[in-house]
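Colleague: Starting from the structure of chain A, add chain B where the hints point.
Residue numbers (our numbering), protein chains in the order written: chain A, 349 to 474; chain B, 110 to 369.
What the hints contain is simulated information worked out from the structure, not anything from laboratory work. There is no bait here: all hints are sound.
Below are the DSS-like pairs computed for lysine-lysine, each with C-alpha atoms no more than 30 Å apart in a straight line:
1) A:Lys452 <-> B:Lys242
2) B:Lys230 <-> B:Lys242
3) B:Lys230 <-> B:Lys287
4) B:Lys287 <-> B:Lys242
5) B:Lys287 <-> A:Lys452
6) A:Lys452 <-> B:Lys230
Interface residues of chain B toward chain A, partial, derived using beta-carbon atoms under 7 Å:
7) Thr176
8) Ile180
9) Ala305
10) Pro316
11) Leu327
Note that CB positions come from ideal geometry on N, CA and C, so glycine has one too.
For reference, the chains in residue letters:
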Amino acid sequence: MAQSQAWGDKRFEVMMGRLLRFGVIFAAVWVLAGGIHYLTQSSGARPDYKVFQGEPGGLRHPLEIIRGAIELDARGLIQLGLLLLIATPVARVAFSVIGFALEKDWMYVGVTLIVLALLVYSLSSS
Amino acid sequence: MIGALTGLGGGVVIVPLLTLAFGVDIRYAIGASLVSVIATSSGAAAAYLKEGFSNMRVGMFLEIATTIGAITGAYLAASTPTRAIAIIFGVVLLYSAYSANKPPKDLLTDEPPDRFATLLKFDGSYPTDSGEKSYRVRHVPAGFGLMYVAGVLSGLLGIGSGAVKVLAMDQAMRIPFKVSTTTSNFMIGVTAAASAGIYLHRGYIDPGIAMPVMLGVLAGALIGARILPGAKVRTLRLVFSVVIAALAFQMIYKGVKGSF
Numbered sequence: 349m350a351q352s353q354a355w356g357d358k359r360f361e362v363m364m365g366r367l368l369r370f371g372v373i374f375a376a377v378w379v380l381a382g383g384i385h386y387l388t389q390s391s392g393a394r395p396d397y398k399v400f401q402g403e404p405g406g407l408r409h410p411l412e413i414i415r416g417a418i419e420l421d422a423r424g425l426i427q428l429g430l431l432l433l434i435a436t437p438v439a440r441v442a443f444s445v446i447g448f449a450l451e452k453d454w455m456y457v458g459v460t461l462i463v464l465a466l467l468v469y470s471l472s473s474s
Numbered sequence: 110m111i112g113a114l115t116g117l118g119g120g121v122v123i124v125p126l127l128t129l130a131f132g133v134d135i136r137y138a139i140g141a142s143l144v145s146v147i148a149t150s151s152g153a154a155a156a157y158l159k160e161g162f163s164n165m166r167v168g169m170f171l172e173i174a175t176t177i178g179a180i181t182g183a184y185l186a187a188s189t190p191t192r193a194i195a196i197i198f199g200v201v202l203l204y205s206a207y208s209a210n211k212p213p214k215d216l217l218t219d220e221p222p223d224r225f226a227t228l229l230k231f232d233g234s235y236p237t238d239s240g241e242k243s244y245r246v247r248h249v250p251a252g253f254g255l256m257y258v259a260g261v262l263s264g265l266l267g268i269g270s271g272a273v274k275v276l277a278m279d280q281a282m283r284i285p286f287k288v289s290t291t292t293s294n295f296m297i298g299v300t301a302a303a304s305a306g307i308y309l310h311r312g313y314i315d316p317g318i319a320m321p322v323m324l325g326v327l328a329g330a331l332i333g334a335r336i337l338p339g340a341k342v343r344t345l346r347l348v349f350s351v352v353i354a355a356l357a358f359q360m361i362y363k364g365v366k367g368s369f
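Okay, chain A solo, but in the shape it has when bound (with noise of 0.2 Å):
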């Protein structure tokens, strides 16, 4: 009993590891694309990285950030692929709280939980 629930084990986080993999080179090649437009287009003056000013508001909040790579503006399609790269370690999480289900292990599924909970908090609050 315990050993197949040890193996089932395994075989998830090894399915688990896959989608991560994929996330990240997903977000990677997102971002070198959104880079390389970013790069061609801006030809003018450089953002000022030494004063901090933060960044302008469509750039901070999922839903204007998809709002602006829709309109292929370049920092927001970069964004957009750092966003996709933040959700990936959010996304294990969530497979965590199916892997945790299906071994019917109910104490995990609700630790996996409270962790999902605080992860979509720092993600929607404001």
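Modeller: Relative to the frame of chain A, chain B by itself:
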């Protein structure tokens, strides 16, 4: 790349490099560093998971502490003066440089199982040359507390806090080195994601800075993983630690002088 070579998180190099060499504001640097920490953690997960040493239950339970810590740290970052952040960063760098050169030693224990560890089904086993070896997890409350500290540092400084995580899992909880390293890699990504959300909202993550940093770190990690088997890890670690220590002193010096 240097980070992947030595097993230290790349994050500890990125913030000093961006601030000291390129003069980038430390808040932008921390935002970019968090992004790169997630990239390395998620990118390496596939390789780590194949080895199958990680303990998902320990990892997930301790994630409660690190994510709460990360959110605390990210909020603290807004009200902490940047020069104070620079000084704390320097001190943590010094500790990382020191701990990277301590050889990993397993402090396995035969003591009776910890009450919490039994309740939380922590005890596990991992494959060694001499067959499957089981281990017991100790001092869960202490480990949980240290993990909260690791989370705060991660959220405040934009690093993975790998050194503190190893301290919590190896030293306090007596988890074997192989298990704690792989488990900590998984946790680093989740912790960084928890503070990255808040940094994003606050406008600390700039696409123009995070883009080259993320791509550079990923390319470096790929190359690093290729040449790692042939490299003299101990020598590299020593060199890297000296560099880190030098950066640390410079961060502290500039922080005290107030040029951040």
